[in-house]
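J.: Sequence:
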Amino acid sequence: MLTYNTTMVIYIAAPIAIIAILIALFWISRMLCGKNSQTSSTVTPQRLIEFSMEELRQATNNFGMGNIIGFGCYGLVYTGLIGDRIVAIKREWLRLQPRFLDEVSYMSKIQHENLVNLIGYCCEEGNQLLVFEYMVNGSVRDYLGEFSDLTFKKRISIALDAAKGLLHLHNLDPPVQHKRFTATKVLLDADLNAKVSDGGMLGLLQERDSHLVNPRGGLAETIDVYSFGLFLLELITGQKLALFESNQEIAQWIVPRMSTNTLLDENMPATDMDITSSLNAYIKIASECLQYPAIDRPKMDVVVTELETIYQNEVINEEHEVALGSELFNITIQ
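The sequence shown: position 138 = 138 (full-length UniProt numbering), numbered continuously.
Just so you know, these hints were derived from the structure itself, not from any lab.
Wrong hints could be hidden among the right ones.
[To be verified] Okay, derived cross-link-like pairs now, DSSO-like style, lysine-lysine, Cα gap no bigger than 27 Å in a straight line:
| no. | residue 1 | residue 2 |
| --- | --- | --- |
| 1 | Lys109 | Lys240 |
| 2 | Lys154 | Lys179 |
| 3 | Lys299 | Lys153 |
| 4 | Lys299 | Lys284 |
| 5 | Lys109 | Lys153 |
| 6 | Lys284 | Lys109 |
| 7 | Lys299 | Lys154 |
| 8 | Lys299 | Lys179 |
| 9 | Lys179 | Lys109 |
Small disclaimer: the values here were computed from a predicted structure and weren't measured.
With the hints as extra help, turn the sequences into a complete structure.
T.: Right under this line is the structure:
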């Protein structure tokens with residue numbers, strides 16, 4: 001049986017202990033974030049915007065369900081309106097990252113026109129959020145499933161954009177491998193220009209996935225090249241593909257479809273132009289990206305060069321068709 005004095009000590013000590021724990025958590029959050037609770041945005045030396053939690057609450061309707069557009073390893077993804085600009089906001093959902101600001105600073109240095117670039121961040125009130133540019137047309141995989149306006153030429157353009165994004169990562173010093181590259185990681189803007197997302201986030205994700213070790217070096221970029229080969233096939237066929245385990249499996253999948261003219265996405269707009277030469281070159285580079293052993297796969301600079309050549313051939317063919325059509329029109333009028 002507890003005495004009166006013992007009971008009083010418990011009643012007094014319990015609230016004090018709770019307050020002490022809350023104060024400790026507060027200071028841990030402050031140390032993790034390394035910032036105070038500002039209520040306005042300031043541009044950091046890393047050219048990023050430091051948002052307050054209140055700003056992001058207002059931008060997302062208090063992180064309402066209607067603003068959720070996705071979910072990934074880092075957490076929920078929300079659309080937000082900041083001023084007159086629509087942004088995508090990723091909110092940490094598992095635990096705070098001790099090196100959050102270091103990783104944000106690193107991500108600010110790898111910006112590129114073919115990467116979905118980081119605009120700003122928030123580290124406040126025990127929250128860690130990343131603010132990215134918003135890609136209105138979503139991922140290539142989703143777009144292929146919903147729309148049928150991607151011509152052969154436009155698909156090559158998308159492939160080229162994505163290849164340039166990966167090449168930029170591989171050319172960094174030290175090199176960065178994406179390691180999670182798929183058609184869901186290639187996003188499209190209003191003009192259907194493509195950008196690679198999550199290119200610099202491995203430092204924030206590696207503790208949650210055993211496959212994401214040594215994010216800046218270590219594993220060769222052939223992992224990304226292989227994933228890019230799968231992406232090339234999905235882009236041209238409209239089909240999500242399983243992994244190929246050998247060169248024989250690759251040939252067994254591609255050759256019958258090429259010989260029966262069933263390789264191309266049935267939703268691809270019809271064209272009167274002969275794309276046989278460009279298609280053969282496209283399938284060749286896709287197959288090379290997938291081939292075994294991995295050491296035989298091309299570097300991303302080679303992939304970019306090949307895709308640029310294919311794209312330029314399509315531009316020339318299109319110009320030739322337009323000129324020919326114009327000549328025929330003039331002959332008919334005369």
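J.: Now tell me if each hint is right for this structure.
T.: Right, here's what the structure says about each hint:
no.	hint	verdict
1	Lys109 - Lys240	violated (33 Å)
2	Lys154 - Lys179	holds (25 Å)
3	Lys299 - Lys153	holds (23 Å)
4	Lys299 - Lys284	holds (14 Å)
5	Lys109 - Lys153	violated (32 Å)
6	Lys284 - Lys109	violated (34 Å)
7	Lys299 - Lys154	holds (23 Å)
8	Lys299 - Lys179	holds (15 Å)
9	Lys179 - Lys109	holds (19 Å)
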